[in-house]
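Here's the letter readout for the chains.
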Amino acid sequence: MKIALFGNPNTGKSSVFNLLTGLRQQIGNFAGVTVEKREGFLSLGDKKYSIIDFPGAYSLYPRAKDEKIVYDLLTNKNQELYPDAALFIVDAANLERNLLFFTQLYDLNIPLILVLNMWDLTAKRGIELNIEMLEKAFPGVQIITSNARLRMGKERIIQAIQTLNLTARKTFFLEDYQVAEINDQEKQIAETNLRYEKIKKLIEEVEKVKETKTDAFSRKIDRIIVHPIWGYAIFICVLLTIFQFIFSFASIPMELIDGIFTNFAAYTSQFLPAGVFNNLICHGIIPGIGGIVVFIPQIALLFFFIAILEETGYLARVVFIMDRLMRPFGLNGKSVVPLMSSVACAIPAVMATRTISNWKERMITIFVAPFMSCSARIPVYTLLISLVIPKIYYFGFINLQGIVLFSLYSLGLIAVLAVSFIMKFIVKSEEKGFLLLELPSYKNPRWPNIGISILEKIKLFIFDAGKVILAISIILWALASYGPNNSMDEALEKTKKLKRFSLLSKVDKDRELASAKLEASYIGRMGKFIEPAIEPLGYDWKIGISLITSFAAREVFVGSLATIYAVQDDGATKTRLIQRLKRDKNAKGEKTYTLASGVSLMIFYVFAMQCMSTLAVVKRETNSWKWPLIQLIIMGVMAYFSAFLAFQLLR
Amino acid sequence: MFDLSTMKVGSKSEIIEIENSSIKSKLIEMGFLVGRSLEVVFKAPFGDPIAIEINSTVISLRKDEANLIKVRKKN
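Line by line, the protein sequences are chains A and B.
Under our numbering, the first sequence has 610 at position 602, and the numbering climbs by one with no breaks.
Under our numbering, the second sequence has 68 at position 48, and the numbering climbs by one with no breaks.
Chain B with its partners taken away, still in its complex shape (with noise of 0.2 Å):
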């Protein structure tokens, strides 16, 4: 189990489970599900913001917000 943050760029995963704070509910709403899967396209310098795909969509997140998010490594 990683956090989302520490993937690097072009990297594949799969949502594991989505931690507790006061953005959880926004995060499920945006789409990040337990069991989609997801692929780091790129970081902005010092590795935050990270920028997200999932569903298509590119979605930007900060490192603190991607931490909440634990993945397991895709092939």
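The following block holds chain A by itself, in its conformation from the complex (with noise of 0.2 Å):
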């Protein structure tokens, strides 16, 4: 049986939700649309129950997207997803906005149970509700109270869904009810007034108002908060602290995660008789696993900040403060927390995003999120920094490095804005962008929703987007393990007939084989290939290799350019790779990394979508391959022309 769950944003639904189904549920999409779609199991005895939790609503009648749903279910009875009945949440304290949608439930003859939710502010605010006054005014009605932050009410709502009644009413709110179109304002308002009218009469009956309260402790609070200075002051200390926790304690976890994957693969290829078979297991399956399970401790440290924020009701304050800022520029106040945490990683930034309601300011965050300087950007920035950047100090303690860095941060800020900008004229959208969000009053948050919500976004990433990163990754294994016909052995061959080769140690040998397959495999060819194009922009076939690695994540390209020259890696200082490259010279006698490459390589990596892990949680996020394939074309090309005009006025 199919129960829906429907209710006005801010009234609990979701943990009603949670408290039901626990863990037993799964995220998806609405078919066709990119709005969460929330399915939860529940078996009572030898009958099973499918829970669908529907984005929350004021009316039947759609503004947004994702209200939109509800309409086209609710007037297509031939919907796969058309309910059998559906629980009604609704704010107990707040029950006169509440019941409008309510009652047009009703009428639609959809068997019903309602819920009077946080039952115990009504006593907090002065109401007292008259239960049997109102099942008298919704005959068929089973009128349940609960309070489901504090897990109250699971059994009564479980009772009431046992003993439900599926047969047709004989009773309306509104007789001979006819949903109006769509996009007919005119009949919908009139309908919204009429429904008013007779809710307030039976409000009157129903509610008595002791004393008026409002939300003092909430509006105490709310004095600091959207302060116009101590809120904007709160804010950044609050992003920074969930900035400090992605950016450094999260790298404890991933290095433990990596290394765990590395040893696993080293450990497995000893076991494995030698050959493709293991090779693909060893050096392509198991380490892009180790490359999707290495996002989650960012993934889930990220959610758990944002449930924080969001079960508290600060998030709500934050939009409100930031919406004038973000608006110039097509963006959305909640735009804000996605875009900072991109700082550290883009893939839990574009799941953020589902806060934004809007499309057009979602799709517009989404696209513009990767421009952020994430965290794989560090290790190339730094390698080509103190590749090409003298240390020199200005003033005895700005130091030029520390100034570049800085910059390249910069860059990356001012290409979201920009970007951003063109797009809210391009981004067509039948959607106006409005605000009108409640300001729901400060809570203690609830530990098991934060919990149920990072699960959920953890699957999701591993599930969905894992696929295709996995994929990806072996492809690109693939690539750089085998060459065509047998120019690898060739390659290594010739490289064991070099005379200087017999002098070398065991190890640089492995080095300088690995050296000599990595230019020998197809990815060498692509590298070779691609010169042409590239040398405008200063590079050469070796760093043409490291951009096609670097596909798989940024940080890919340091690793590369060490197979390439043989170099040992020496940890995170880098000293002899940097002295290596220092010294390497084109076919000219020219040398390879001067001021001009440099800047225009790290102007590339500020630019190109080098993270096909991105793109892949961006085809999960929009549920299509255009916007991650425009979002290639365009930081793509940007990164190109910005790189070559770098290198054009550097040289």
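In case anyone wonders, no lab produced these hints; they're calculated from the structure.
Please note: incorrect hints may appear among the correct ones.
Derived DSBU-like pairs: lysine-lysine, alpha-carbon spacing no greater than 30 Å straight-line [to be verified]:
hint, chain 1, residue 1, chain 2, residue 2
1, B, LYS83, A, LYS218
2, A, LYS206, B, LYS93
3, A, LYS132, A, LYS218
Here the structure is a predicted model, which means the values were calculated and not measured.
Make one complex out of these two single chains by using the hints.
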């Protein structure tokens, strides 16, 4: 049996959903749209129920894309998801407004259970509700009180589900109800007014307000939180804390995961018979899976914080104070958190845009998020900076290298604002952007809700985006490990015959061979093939190879260079690699790494979408290949031309 | 008759009209009904957006949106 969960936003709908289904839930998208669909399962005796949580709405008539789902569903009984019954969750302290949507469902003759949630608030606000009277007004509807945040009312809801009355009602709130057309605003307004008139009369009978109490606590906190100075100061502190956690503390579990997968691959390769199969497992699949799992700490941390911000009601205030500043760029107050988390990693950032309900603003945020300089760019930046930027101090303490690093980050931010500003005019949307947002009262976070939200995000990433990441990393591995015909064997033989080769130690021999293999592989060929195209940027085929391999992830650039030059990896400082690169000369005898080519490369990495995982997540979040491909092309074009310009101006 | 956006923080007023626009029905659905009283509880810098308390809920609106709501001062 299909049971739908409906209700206004901020009524604790998801708390009820979590209370009923616990961990037995899965998220996906509603067919054809990118609105999150949460479905949970409940078995009572031999009966199985599927519970679907629909986006919160104030009425049947939609103003935004996510609300349209409810309208489309309820106006077509043949829809696969059309519910057999519905739970309608209301904020008991705000019954009047909540009843509008409820009476529409009532008139559509859907079997209903009315859940008066946040029941404790009624007493706090000095409100008394006469439930018997309410039951009389809606014959055939079971009415229950609950407090899902405190996990109260589960048994009552379950009992109501088991005793659901599925026969059609003969009573209506408005007689002869005809659902208005989606664009017929006049008819919708007339209906809303009529309903409110009747609801007002009903409320006068049902609700007794002993004394009007405002939420003094929330008001007091708000005086600081949305303060023109303190509000921003607090927000910056909150962002810095989140950023700090993701940026530095995520690296500990990430290195651990990295180590486990490296060791596991080495261990497995000893036990499997040597050959293609061994290679595929140990160098293709295991590192590929490792490359997916390694993102979990960052995703978990970011969503831990976002869930807290959302649960407490702070996120709505962030939107409130940031809305005006972000609007000129076609962004939303809610874009701030994803964009800031993008400084750590674009993947959780793109996933975090789900809080933005306006489609256009969400697409723009997703599109520009990868321009923020993420942590994977740092190894590339630091290598290139120490390579081509001299260590000069101005005024004794301002380091030129530091200024360059700062400029690279600023360039990313400028790209974010500029591109979103342009996209504001390009992306077409029928939806008019509006704010109209409820600022819920402050609440303590509920840890089970937060835990479930984190688990969902991790599941979503691993099982949806993970497939694409694994596929691309296996392709990249194959391209780097195999070459046309027996070119690789020939290259190995040639290297072994070199005079100096016999003089090398075992480790150095392996390194020389790995370098020769990479050069002879398909990727090596591709690097040479694209050399004419990247020459105007100041790059040679060796950089070309590293550009291709680092499509897996930006930091791979450094490792690839080390392999190509057959240099020992000496940890974080990369001194040997830097020394080797400084000596490198091209065919004409000029240095490969000059100020011009170095800066050109850095700028290339600021703009280029060198991250297959981000592409996979964007594909998942936008439900099509269109957006990630446009992103790949536009970011690539921007990277190419700015790098070209930088090289030509500086050479 | 005033635009809601011109009301000062802490001032109470009563809705007398909601101007036609694509979000008129949304405003009504959210409880902005003619005759209801409301209070401006706070404003963001530059007076945009503003937060309104109506039916004991706080709702934030952009200035353009608040301009659609015409009010009369109340004491």
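What are the numbers of the hints that this structure violates, sorted from low to high? When the structure is compared with the hints, only number 1 turns out to be violated.
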